[in-house]
Each structure stands twice: as structure tokens, then as C-alpha cells.
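> Between the sequences and the hints, there should be enough to build the whole structure, so can you do that?
143 is the number that UniProt numbering gives to position 143 of the sequence shown; each next residue is one higher, with no gaps.
Since the hints were made in silico from the structure, they are not lab data. Treat the hints with care, since some could be wrong.
What the hints assert, rightly or not - Quick list of the computed label-pair ranges, beta carbon to beta carbon:
#1 G366 to D275: 40 to 48 Å
#2 D206 to S280: 18 to 26 Å
#3 Q182 to Q259: 27 to 35 Å
Idealized CB from N, CA, C, for every residue including glycine.
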Amino acid sequence: MSPHSQTLSRSSSVSAPPDHHRPPVAPAPTLPSFTESFNVNYDHDVGYRPSAPLGSLYTAQHLIILHHTFTSVERDSIVARDQMQGVVEIAIRDAVEAPYLIDQLLALSALHLAARIDSGDSRKAGNPAALRHQATELQTRAVSSFTRLTADLPTEDKATCVPRFLFTSLLSLQVLAETLHQHRQFPNADNGRPTPLHDFIKRMVDCMRLHRSMLSLIRPTWNYLLQTELFPLLRTSHDAANEAEIKVSQGTECRHLEQLIRAPPDSTGAGPPLDPASASACLSCIDRLQWAFDMQNSLPDQDVPHAACSFIIMNPSEFADVLQTLRPEALIILAYFSVLLHRCRKFWVFENVGANIIRAIVGHLGPRWRDALAWPLRVIETEND
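Have a look at this one:
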């Protein structure tokens, strides 16, 4: 039933005649109950109980969104190349015991449909704003269900690790997509008010922290997941990550970043040096960022989004604390990461946001830091199609 449907009132809105004029009324026919009509008898001995709350209903619009998942999202590499059908099959198979997965899959698909509204699907599924609202509602329902059903489960529980992993992966991707969508443009500040860059950094820090918390849920069963039906989905990023990890010769994309952090105090002439803890966090982040660049260089073009997403997950949590303070060094690291985003711009989650972030950081830091940002600027000026 649609959430907008209303229950009919038993009383008529037309005034009734006086009792002495009222004709005898035959008893109203009653409809048989669901169990009477279909003779549904649950076997209480098997402990049947629905996992989803009664409010977890699905509408025709949800079916349209699910159809979009099969027909359009698959081509756009929303999860992994050629693996979307398997994800949908798992979500439908586990819909009773793990309803949070199908809800989160629909939420992300609704967001994707909103981003691809110019394909003509708007006539069937609504406008972008309505679809994003639908995505938020489905995500909220999914998170509520996930919390209710997994609160007492150990993180190493193997029986539920497949739907839990897929749920956390899809949720993380949706949060990242929403964070980047809301900050695709960075107009200049006026009247001394914070610029949208400040707002973006706050949202990005929250996004990084969420991804790190998701990692803590996934890590205990990671090796087991590689032995499950998810192996084809995980194989591409797993192999590329391992290759990047064991490389004898790393790439050089982040060499200037490391030199910047290790430079003697005041050698940059751009303010007080980082304290030791912040410098250590930045160096750890740079190491992970170079790993992500190496991973990207090992992947075919259609799979490079895995590198950017992997960095957000593996990025040290301490770096988020430094980034939150808007330290120039941390913003420059973010600009280098935005090169990864720019190189994944064909992926619907990223599009032009990488170049926009780089330009916003250049404008925020000013001429003093322009040399440190020369490489990201050169990339977005020369790597275009």
C-alpha cells in the first residue's frame, strides 16, 4: 500500500434521516481476512517471525527503481563492473533476514536515477529532488533496520557477513555521492561568511570517519568474504590493492607532498609548522594516497573508481582531525587526492567534483601555496576529454 493512501472512514459524510424514517439496513458484507482467503498457517515450531517491520512496504516506484538498477546502473559501474546482477540477487534472496540490504540498494539506485534523470526516466519515477528524497527515506529505513537486526551480532559473525558487507559498501558509496553532489560548485565567499569550501571540508571529514567506522565492521570477516560468492565482486580491487602494496618501485605522484611535510620549519615561509602528531598523520595519509595512485595505475580504465573509494576507506583517521582544522598542508593533500577523483570523472559519483575541489583549494590558500599545488592544477588543465 502506498504510504500516501488513507483509510476510509466508516461513517458517511451525508446526514442520516431521523430514526422513524430510516429504512432497515442490511448488514454490510465483510471481506474475508488474508488468512481466511489464502489459508496461511505459519508453523510456530520453526520460530517464524518477519525480520522487517510492518512499515517496510514497497511501492510501484520502488519497482521502477529496482528495474533501473538492472537496466542502467549496471552499465554505469555503480558497484563493480558486471557484478550488479549478483548484488541484486543476493539482496532479494536475503530480503527477509536482511531487509536493510534491499532498502540500501534501492536508496543508492534512486540517487543514481536522480543523477541520470535526463535519460527520460523522469516521466516514470519523478524529478531529481523527489528521487533524492526517496533515496534518503530508503537509506534511513535501511540504517534503522540494520541497527535493529545486527546490534547484538559479533562483528565476526559469518552467517550475516555477506549482506552486512554489501550494506556497508552501498551505504558508504551513497554518503560519498551525497557529500560530493552538494558541493560541486564553490562560489567565492562574501561578507566574511564561510565559503562552501568550509562546509565541504566538514562534510568530507564526516564522510571519512563514517568510512573508517565501516572498515571496522568489515575487517573481521574480510578473509572469509574472499571465499564466498562475493569473490568475483571483490577480486578486481583486491588484486590491484595487493599489487600496489607489494610494489618494489612506487609511483612519484606524492613525492612533492612528502617533501612539503618533511621540510624544515619555516622553510616554506607560509606559517607555523605542523606539530609532530599532525605531521605524522599527514605522512601516513600520503603513504596511503600513493598506494591508491599505484592501485589506480594497475586497474583498467573502467575500474579506476575503486582506487579513489579505497583511499577514503583506508585513509588514517588521524588525518581527518588535521583536515578539519583547515591546515594548508592537509588541504594540499586533499587537492592531490582530488586528482584521483578527476581521473575517475566518468564515474557518476565523481564527475567534475575533483577539478572543482582543486580550484577551490587554490583560491582559498592563495598565491603563497600555488607552487605546492602546481601538479594538481596541471593535471586538470591537461587531462580533459
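> So the hint says 40 to 48 Å: do the beta-carbon atoms of G366 and D275 match that?
For G366 and D275 the Cβ distance comes to about 23 Å; the hint is violated.
> Between D206 and S280, does the C-beta distance stay in 18 to 26 Å?
The hinted range 18 to 26 Å holds for D206 and S280, with Cβ atoms some 23 Å apart.
> Using the Cβ atoms, figure out if Q182 sits within 27 to 35 Å of Q259.
34 Å, holds
When the structure is compared with the earlier hints, a violation turns up for hint 1 alone.
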